Amino acid sequence: MSIAIRNISKQFGAFKALDDVSIDIPSGELVALLGPSGCGKTTLLRIVAGLEYADRGQILLAGDDASDRHARDRQVGFVFQHYALFRHMSVFDNVAFGLRVKPRRHRPAESEIQRRVKHLLELVQLDWLANRYPTQLSGGQRQRIALARALAVEPKVLLLDEPFGALDAKVRKELRRWLRRLHDEIHVTSVFVTHDQEEALEVCDRVVLINKGKIEQIGTPESVYDHPATPFVANFLGSVNLFHGRVEEGQLHLGDHALALDKTAADADGKAVAFVRPHEFDLLPGAQAGGLPAKIVRIVAVGASARIELSEIDRSDGEVIEVTVARDLFRLLALAAGDVVSLRPRQIRVFQTPALAA
Amino acid sequence: MSASIALIPGNRQAYEAPSTREPIWVKGGLIAIALTFFAIFLLLPLATVFSEALRKGWGAYAAALIEDDAWSAIRLTVLAAAVAVPLNLVFGVAASWAIAKFEFAGKRVLITLIDLPFSVSPVISGLIYVLMFGAQGWFGPWLHAHDIKIVFALPGIVLATVFVTFPFVARELIPLMEAQGSEEEEAAVVLGASAWQMFRYTTLPSIKWGLLYGVILCNARAMGEFGAVSVVSGHIRGQTNTMPLHVEILYNEYNYAAAFAVASLLALLAIVTLGLKTLVERQTRRQTHEKSTLTGE
Numbered sequence: 013m014s015i016a017i018r019n020i021s022k023q024f025g026a027f028k029a030l031d032d033v034s035i036d037i038p039s040g041e042l043v044a045l046l047g048p049s050g051c052g053k054t055t056l057l058r059i060v061a062g063l064e065y066a067d068r069g070q071i072l073l074a075g076d077d078a079s080d081r082h083a084r085d086r087q088v089g090f091v092f093q094h095y096a097l098f099r100h101m102s103v104f105d106n107v108a109f110g111l112r113v114k115p116r117r118h119r120p121a122e123s124e125i126q127r128r129v130k131h132l133l134e135l136v137q138l139d140w141l142a143n144r145y146p147t148q149l150s151g152g153q154r155q156r157i158a159l160a161r162a163l164a165v166e167p168k169v170l171l172l173d174e175p176f177g178a179l180d181a182k183v184r185k186e187l188r189r190w191l192r193r194l195h196d197e198i199h200v201t202s203v204f205v206t207h208d209q210e211e212a213l214e215v216c217d218r219v220v221l222i223n224k225g226k227i228e229q230i231g232t233p234e235s236v237y238d239h240p241a242t243p244f245v246a247n248f249l250g251s252v253n254l255f256h257g258r259v260e261e262g263q264l265h266l267g268d269h270a271l272a273l274d275k276t277a278a279d280a281d282g283k284a285v286a287f288v289r290p291h292e293f294d295l296l297p298g299a300q301a302g303g304l305p306a307k308i309v310r311i312v313a314v315g316a317s318a319r320i321e322l323s324e325i326d327r328s329d330g331e332v333i334e335v336t337v338a339r340d341l342f343r344l345l346a347l348a349a350g351d352v353v354s355l356r357p358r359q360i361r362v363f364q365t366p367a368l369a370a
Numbered sequence: 463m464s465a466s467i468a469l470i471p472g473n474r475q476a477y478e479a480p481s482t483r484e485p486i487w488v489k490g491g492l493i494a495i496a497l498t499f500f501a502i503f504l505l506l507p508l509a510t511v512f513s514e515a516l517r518k519g520w521g522a523y524a525a526a527l528i529e530d531d532a533w534s535a536i537r538l539t540v541l542a543a544a545v546a547v548p549l550n551l552v553f554g555v556a557a558s559w560a561i562a563k564f565e566f567a568g569k570r571v572l573i574t575l576i577d578l579p580f581s582v583s584p585v586i587s588g589l590i591y592v593l594m595f596g597a598q599g600w601f602g603p604w605l606h607a608h609d610i611k612i613v614f615a616l617p618g619i620v621l622a623t624v625f626v627t628f629p630f631v632a633r634e635l636i637p638l639m640e641a642q643g644s645e646e647e648e649a650a651v652v653l654g655a656s657a658w659q660m661f662r663y664t665t666l667p668s669i670k671w672g673l674l675y676g677v678i679l680c681n682a683r684a685m686g687e688f689g690a691v692s693v694v695s696g697h698i699r700g701q702t703n704t705m706p707l708h709v710e711i712l713y714n715e716y717n718y719a720a721a722f723a724v725a726s727l728l729a730l731l732a733i734v735t736l737g738l739k740t741l742v743e744r745q746t747r748r749q750t751h752e753k754s755t756l757t758g759e
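Chains A and B are the protein sequences, given in the same order. Position one of the first sequence corresponds to residue 13 (my numbering), numbered consecutively onward. Position one of the second sequence corresponds to residue 463 (my numbering), numbered consecutively onward.
One thing to keep in mind: the hints can contain errors.
What the hints assert, rightly or not - Taking lysine to any residue and the SDA-like style, the derived pairs with C-alpha atoms no more than 25 Å apart in a straight line are:
| hint | chain 1 | residue 1 | chain 2 | residue 2 |
| --- | --- | --- | --- | --- |
| 1 | B | K670 | A | H94 |
| 2 | A | K114 | B | K611 |
| 3 | A | K114 | B | E645 |
| 4 | B | K563 | A | Q93 |
| 5 | A | K28 | B | F566 |
| 6 | B | K670 | A | Y145 |
| 7 | A | K28 | A | K226 |
| 8 | A | K28 | B | E645 |
| 9 | B | K670 | A | K130 |
| 10 | B | K670 | A | D105 |
| 11 | B | K670 | A | R144 |
| 12 | B | K670 | A | E124 |
| 13 | B | K670 | A | K226 |
| 14 | B | K569 | B | A657 |
| 15 | B | K563 | A | Q23 |
| 16 | B | K563 | A | N247 |
| 17 | B | K563 | A | R144 |
| 18 | B | K563 | A | T54 |
| 19 | B | K518 | B | K739 |
| 20 | A | K130 | B | Q659 |
| 21 | A | K28 | B | Y716 |
| 22 | A | K114 | B | A657 |
| 23 | A | K168 | B | A657 |
| 24 | B | K563 | A | F27 |
| 25 | B | K563 | A | H100 |
| 26 | A | K168 | B | Q659 |
| 27 | B | K611 | B | I711 |
| 28 | A | K168 | B | K739 |
| 29 | B | K563 | A | A83 |
| 30 | B | K563 | A | E124 |
| 31 | B | K739 | A | H100 |
| 32 | A | K28 | B | G568 |
| 33 | A | K168 | A | K224 |
To be verified - Cβ-to-Cβ under 7 Å is the rule here; a few derived chain B residues that face chain A:
| hint | residue |
| --- | --- |
| 34 | I528 |
| 35 | S644 |
| 36 | E645 |
| 37 | E646 |
| 38 | E648 |
| 39 | A649 |
| 40 | V652 |
Calculated directly from the structure, the hints in this document are not laboratory data. Source: prediction; values computed, not measured. Beta carbons: idealized from backbone N, C-alpha and C, even for Gly.
Isolated chain B (complex conformation) (with noise of 0.2 Å):
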């Protein structure tokens, strides 16, 4: 059980054996460069966010945020996430019960496709809804004379951002759900549990930490989606544009202020996501402890 916890960082206090102790320049050296790093690549452009936001004062930055086009980015780019994140949970818990607890031919496979979109551009990635649903596309012609809208349209946006998400649950649910095994499972259904009950009183308390972990991370990437999204939207103001798209348009017309002011709200639901992600890690950590002792003997 030992492995489970290594997996996650941080969970012990480094030990420091003499024979690996640096002299003390060494060690102030390179806490000197991660911060400097951390400060010109990560703090600084955060900053420059909130303050070119602001730079015209909260009315300006507040009438920027309420304005219609940068309304309808919002309520796109939340509408995009509601559907993309659920679809993605049930796809996710789907795969990793099906990987970790059953053996059937094409499981590699299917573990190397889950990890696709993690490995293509999303660029990429768009342009392929494009051809397949695009007017000159494979389904192009029957998807017009259906009058259905794919590309350019709500449809098209969820499905780019599907794509892009789809690893996050499943890649935090795998290693969880191999690592416990089935037995205590197994003994819900000897017991008699159904396989809802099965799920709910055992699977699902066991990696519900991991399970939110992963949302958070498919929620914070569905939000954030630039590349495959800008294919597939067609930058239509006020109906396909969102939030990071919208950021883009305003910041090309010279419009800094709102451009900033929209990019700020992004900048801080990444913000939220890693306080989230911090919490979610330390709850994990706590329940891959207890465990680790229940069974390490």
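Next comes chain A alone, as it looks inside the complex (with noise of 0.2 Å):
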């Protein structure tokens, strides 16, 4: 079923959680949620789920206006933070509670309910623990639970908010990548808030980046991590070094120094942003036109990929840039802290500094 949010604002005193929000999600796909903490994200999951209601706009499902229908009747599947599992039930009784609970001419027989139960049990893998109570299984085990409960209904739309915030790293990405393999499998339109970026960016097919109420960008995750429409998307995803300049005829100048541009990356001369993400500089040694001046501060030399941290030469403020470089390319350089070397940029986003903010 798809989704289509349209307009949607909501106010919560003098807060504006939302500002006219908009977006569509064609049936079946996996959109994630991103952005900071307090950016509005949760609040559009729960209109979407009926469980909040915006001041302006509609929210449509499968084409039909569902603004006012009721939570209960809007056929969502809800994944809360921390579960909400029902603590006095059995996990076999909170996965069937859905069906239990539907008026008795469509209720299936408890033959049909125990059989989907015990099928839901075994597509989240857990069907061993049927008898246990929520206090005892762990966070995932839990987790996998409310997501069988909340499939049991048959949604037509699965809302999850931020479902593996309260787990511990390792187990949040299993998770994860079991959740993208049960979306292949049962293909129903998941709605996905978080606020880490590696999870929206590994698991889903759209991401939707959100900051204070509004939409910054729509996009696969590729085009929204190569391509990104706003400093705040760049800022966002994924580590980068930021720098503050001048655009003038083609480059970039940042202080005395120019460093050139592609001929897409400025349409107009004036104050701007630059964002370099760590992975696209060049290193050259020692001091050479057409690069950035830097001292190397710290190497951190572990994994697959070496962090240097380096400062620049003509800035004094310990503003401290970041550049990572393969291992083995680092040893080929045989850097060392202390040295200086020049920061050619591969690839630079620049994005013009409205007259007003500079």
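Bring the two chains, given one by one in their own frames, into a single complex with the hints.
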């Protein structure tokens, strides 16, 4: 079932949680709402579920206006960050709940309920826990039960509110892959709220970046990562180095140094902020023209790549530039703390600074 | 979640850190003082009640209880409690639901008002009803014209009892419900549960022990209330006397054995209440503990 979010606004007192947000989610897609905490992403999810009502705007489910439909009639599955399992019910009863509360004429026979719950528990690979209580499960197991419970009513839409937020890193990674596989298997339209960019980029078909109640960018993980539309997106997705300078005649001027820009990188001259990811630098020995001279402060050579922290020679504010290079290349370069190198970015993303903000 | 555990005393064995350990004579002294007070002010009177009640033997004791006026006082007390407790049960659940799950204007005022019966002297609250419904009261002439008796009759006694026992259930449930939040309820609703199913299958199981605890305290107070009921009852023997009022009358008539016999029933009620309260507290603690292991990652 497709979801259309049309011009949704929501205010809590003086705080604008959502400001004219519109998203179209085609049937079967797995979409992430990504943003820092307090950006309004959870509020948006709750509005789609009917747990919260928007001040303005519409929610269309499969093309029909569902804005005034009660949560119990929206046929959505909702997975809560803290599981919200019914703690006085066994795992089996938790999963069966949605089927058992159906009005008598829609309720499946008890034998059918047994069969379906068993099937769902097998789907989340926890059928051996059917008689346990939520308190006896680990966090990861609880969240999988919560997912099975949400799927029991065969929702047309699955909404997940930071589902892995309360789990430790290893379990989180495991469940992430598992969720992706599950989605490929059952293909229910899913919206996934997270503040973890790695999670969003890895799991989802498309990512919606939200900041301060507004959409910053919508796109596939590759496109938003490689072509951020706004400084916020460039900053939020992965680590990045930020430079303040001026664009003049196709070059980025940082103090006395000029860096070459692609023709497409900047369309007008003026003040600008530039973003360069740590792995997008070439390191040249010594001070060279066309590069930014910097001194190596610290080297962390652990794992697949070496992380080098540098400080710009002509700046003394202690701003650290982070550069990563592959371990093999790092060995060839034979760098050490204290060396001076020139940084030449392979790719720079430039955003014009509006005159007012400058 | 540790905060909600700490609310219930005796949940954990007190840990005696060496730095705060006192010399043996301090410890012994404090225990002796506490036990002495307990014996003089609680145990001794209780023992007196029962020994005085049985002074003239079991026969006289039983006779004092089945005597017409005493029996009618017992019936009236039970009746008043039977009306007041369910009323306050419904009100308490409704009020704490509203307070814990919703934000609305006047919420703070409502919380304060619920506590009003705790802060007002029961005699005053009884007097309020006399001033409103008594012969000289605001509604007195109208009530008289329609032949409705409130003051010096059963309705007045019930009203006064409801008023004094007003806060017990709500006070017990509000912190419990606030601590539990509404995620389980939301989960139930999204899964298609109706309002009643949501309450029956998610809210009620999580509050049941707290609710029972509140009801037990509410009942004990309803049966034992003296001040407020005394003002509105009119002390008509065999008609508007509740047990506490009956005890007073017997005592004023120097009928000590009978007075103590009826009093022993109230004392017995207190003991049963304490026993039940302890049982329920144990259950609540177990539940709170489960809850804390559920969310405390």
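Hints, one by one, checked against the model:
{"no.": "1", "hint": "B:K670 / A:H94", "result": "holds, 23 Å"}
{"no.": "2", "hint": "A:K114 / B:K611", "result": "violated, 49 Å"}
{"no.": "3", "hint": "A:K114 / B:E645", "result": "holds, 20 Å"}
{"no.": "4", "hint": "B:K563 / A:Q93", "result": "holds, 19 Å"}
{"no.": "5", "hint": "A:K28 / B:F566", "result": "holds, 19 Å"}
{"no.": "6", "hint": "B:K670 / A:Y145", "result": "holds, 18 Å"}
{"no.": "7", "hint": "A:K28 / A:K226", "result": "holds, 10 Å"}
{"no.": "8", "hint": "A:K28 / B:E645", "result": "holds, 23 Å"}
{"no.": "9", "hint": "B:K670 / A:K130", "result": "violated, 30 Å"}
{"no.": "10", "hint": "B:K670 / A:D105", "result": "holds, 19 Å"}
{"no.": "11", "hint": "B:K670 / A:R144", "result": "holds, 22 Å"}
{"no.": "12", "hint": "B:K670 / A:E124", "result": "violated, 31 Å"}
{"no.": "13", "hint": "B:K670 / A:K226", "result": "violated, 43 Å"}
{"no.": "14", "hint": "B:K569 / B:A657", "result": "holds, 22 Å"}
{"no.": "15", "hint": "B:K563 / A:Q23", "result": "holds, 19 Å"}
{"no.": "16", "hint": "B:K563 / A:N247", "result": "violated, 38 Å"}
{"no.": "17", "hint": "B:K563 / A:R144", "result": "violated, 29 Å"}
{"no.": "18", "hint": "B:K563 / A:T54", "result": "holds, 19 Å"}
{"no.": "19", "hint": "B:K518 / B:K739", "result": "violated, 33 Å"}
{"no.": "20", "hint": "A:K130 / B:Q659", "result": "holds, 23 Å"}
{"no.": "21", "hint": "A:K28 / B:Y716", "result": "violated, 74 Å"}
{"no.": "22", "hint": "A:K114 / B:A657", "result": "holds, 13 Å"}
{"no.": "23", "hint": "A:K168 / B:A657", "result": "holds, 22 Å"}
{"no.": "24", "hint": "B:K563 / A:F27", "result": "holds, 21 Å"}
{"no.": "25", "hint": "B:K563 / A:H100", "result": "holds, 20 Å"}
{"no.": "26", "hint": "A:K168 / B:Q659", "result": "holds, 22 Å"}
{"no.": "27", "hint": "B:K611 / B:I711", "result": "holds, 23 Å"}
{"no.": "28", "hint": "A:K168 / B:K739", "result": "violated, 48 Å"}
{"no.": "29", "hint": "B:K563 / A:A83", "result": "holds, 17 Å"}
{"no.": "30", "hint": "B:K563 / A:E124", "result": "violated, 35 Å"}
{"no.": "31", "hint": "B:K739 / A:H100", "result": "holds, 22 Å"}
{"no.": "32", "hint": "A:K28 / B:G568", "result": "holds, 24 Å"}
{"no.": "33", "hint": "A:K168 / A:K224", "result": "violated, 29 Å"}
{"no.": "34", "hint": "I528", "result": "violated, 45 Å"}
{"no.": "35", "hint": "S644", "result": "violated, 9 Å"}
{"no.": "36", "hint": "E645", "result": "holds, 4 Å"}
{"no.": "37", "hint": "E646", "result": "holds, 5 Å"}
{"no.": "38", "hint": "E648", "result": "holds, 5 Å"}
{"no.": "39", "hint": "A649", "result": "holds, 4 Å"}
{"no.": "40", "hint": "V652", "result": "holds, 4 Å"}
Checked against the numbered hints given earlier, this structure breaks hints 2, 9, 12, 13, 16, 17, 19, 21, 28, 30, 33, 34, 35; the rest are met.
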